[in-house]
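Q: Listed here are the chains, written in short residue letters.
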Amino acid sequence: MKKIIVNDLKYKYPLAQTLALKGLSFSVEAGEFIGIVGENLSGKSTLCQALVGLVPHFFKGAYGGSVVVSGIEVATSEIAELALKVGLVFQNPFTQVTGSKLTVYEEIAFGLENVGIDREEMKDQIDQALHLLDIYKFKDRNPFDLSGGQMQRMAIAGIIAMRPEILVLDEPTSQLDPQGAEEVFKAIQKLSKEGMTVIMVEHKMEKIAQYSDRVMLLHQGEIIDFDTPGKVFSRADLMGYGVNAPIFTQICKGLGAQNQTNALYPVTLDEAYAAVVKTGHE
Amino acid sequence: MNNIIVKELHFSYPIGGEIIKGMNLSFGNEPTAIVGQNGAGKTTFVKLLKGLLLPTDGEIIICGHNTKNITAAELAKYIGLVFQNPNDQIFKNKVLDEVMYGPRNIGQNEAEARQNSLEALEWVGLSSKIKDNPYDLSLSERKLVTIASIIAMNTKIVIFDEPTIAQDYASKQKIKSIIQRLQKKGTLVLTIIHDMDFVAEAFERVIVFTQGQVLLDGNKQTVYGETELLEKAYLEQPHVTQLCKKLGWSDIFLTVEEFLRYNK
Chain X
68 MKKIIVNDLK YKYPLAQTLA LKGLSFSVEA GEFIGIVGEN LSGKSTLCQA
118 LVGLVPHFFK GAYGGSVVVS GIEVATSEIA ELALKVGLVF QNPFTQVTGS
168 KLTVYEEIAF GLENVGIDRE EMKDQIDQAL HLLDIYKFKD RNPFDLSGGQ
218 MQRMAIAGII AMRPEILVLD EPTSQLDPQG AEEVFKAIQK LSKEGMTVIM
268 VEHKMEKIAQ YSDRVMLLHQ GEIIDFDTPG KVFSRADLMG YGVNAPIFTQ
318 ICKGLGAQNQ TNALYPVTLD EAYAAVVKTG HE
Chain L
-15 MNNIIVKELH FSYPIGGEII KGMNLSFGNE PTAIVGQNGA GKTTFVKLLK
35 GLLLPTDGEI IICGHNTKNI TAAELAKYIG LVFQNPNDQI FKNKVLDEVM
85 YGPRNIGQNE AEARQNSLEA LEWVGLSSKI KDNPYDLSLS ERKLVTIASI
135 IAMNTKIVIF DEPTIAQDYA SKQKIKSIIQ RLQKKGTLVL TIIHDMDFVA
185 EAFERVIVFT QGQVLLDGNK QTVYGETELL EKAYLEQPHV TQLCKKLGWS
235 DIFLTVEEFL RYNK
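If you're matching them up, the sequences are chains X and L in order. With the working numbering as the guide, the letters of the first sequence map in order to residues 68 to 349. With the working numbering as the guide, the letters of the second sequence map in order to residues -15 to 248.
Be aware that one or more of the hints could be misleading.
25 Å max Cα-Cα, derived DSS-like pairs, lysine-lysine [what the hints assert, rightly or not]:
| hint | chain 1 | residue 1 | chain 2 | residue 2 |
| --- | --- | --- | --- | --- |
| 1 | X | Lys204 | L | Lys5 |
| 2 | X | Lys320 | L | Lys158 |
| 3 | L | Lys5 | X | Lys274 |
| 4 | L | Lys5 | X | Lys345 |
| 5 | X | Lys190 | X | Lys168 |
| 6 | X | Lys206 | X | Lys168 |
Simulated from the structure, these hints should not be mistaken for lab results. Note that the structure is predicted; figures quoted are calculated from it, not measured.
Okay, chain X solo, but in the shape it has when bound (with noise of 0.2 Å):
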């Protein structure tokens, strides 16, 4: 079943003289985990907004095309409506917390309370995302007392117990040390495996190679590709729009390992692993 549908979407920015969004196209399956990657300016961030209704509802602009979330059309819906269906987590945490909640438990309340969603699912619901993101030992802190990384685990935790269709993260783990992120990569791929369907903006392309079902290569406001990792990463001309693939990918196109199941260079360790193995480069 396919949850998100955008068709022919343009958007121009108040007082821009460019589009930022240049007539984009596509479709996304139900629990699909999809990974945006793309150099500065190239519509990352603007898409995800698109995905979730601040462009254009808040945004305003010039907005042209359709864009469809789990049946519903974003241009015409109300926020509250499209709020219930799909959830943003925001680049930079303090961008996202509300300032107005003493707890981090109260904090994760905020848009359930908003929805009007029962109270003991609202408690079932809030405990749940304090687990995923293991940090239920800081329930009753003050937001403001948490570290970098502590605070983009609440602020995604606190999108995640909205239980949203489709979950857009726009570089969720800039703040995370390096097994923090790996920990919070693995909670929402646990999230798609269920049935969620993720949209994520990084630029941590190893990551990306490791958890994407398919990968957006975005340059200008424009779709140069949507496909699997592989076909992706192995495109000769990929640093021509400003992204580099991942190490493991770099060092076999450097070495012409390539994987023996396709003719494509591996993206991941394990991949690369059997190819420079298979090479003779062991």
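With chain X's structure known, arrange chain L on it following the hints.
A: Just chain L, lined up with the frame of chain X:
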């Protein structure tokens, strides 16, 4: 001469346990990355170096000045900090004014501050944007504005707080070349960072913090060879090193370039 000497440093916030638990470190001119899991004490350590916090016990000497005997404003002549998020640092509405603000504040006269700021903007490649409003620039360019404003202050020490967050490939390369240029000029470059691949490319010495103490301190080859200790500190090796380990190699490579040079 050491630019920074840290002696028996202890620090606690008014509420809660001890964050820095007895550190002894010294820094010359070697570009150094401080890594460690969230909550290891990295940010607190930087605030102590900048004189924004004072040691509970022990002392910090910055370019010969004990942070206990000098104001944070005076200390700013010796040590500059590039914020993680440029939006937290920028407040002027013209790029040149923004970059000149720091130099003027530490006592450079108008002409000197202008000259240093123009040079710094040339370093980061923003000479053509000196009259622009910083908020009309992309996030990467705004990051470069904040870097220029620190370079223009001509401090002996420059600290980068997570310099690669939200930066694409081209911007990372640019930041790497700025770090190298600062090093050549004799500036001590420090960073607190989670991006191990970038550390492997742009820094020489790596210090691992864990729970307010120094777990490892050495050149990057040695530190990144310590697989088990790094795991204990909640960190990982650079991706290239992970592949070497998986292949069972005794030689450790840290970057793609090194790996390919020895294996082609």
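Q: The structure should be examined with respect to each hint, and the outcome stated for every one.
A: Comparing the hints with the structure gives:
1. X:Lys204 - L:Lys5: holds, 23 Å
2. X:Lys320 - L:Lys158: Holds, at about 24 Å.
3. L:Lys5 - X:Lys274: Not OK: lysine 5 (chain L) and lysine 274 (chain X) at ~34 Å, beyond 25 Å, violated.
4. L:Lys5 - X:Lys345: Measuring from Cα to Cα gives roughly 49 Å; hence the hint is violated.
5. X:Lys190 - X:Lys168: Holds, because 16 Å separates the two Cα atoms, which is no more than 25 Å.
6. X:Lys206 - X:Lys168: holds, 12 Å
The structure fails hints 3, 4 (numbered hints given earlier, in ascending order).
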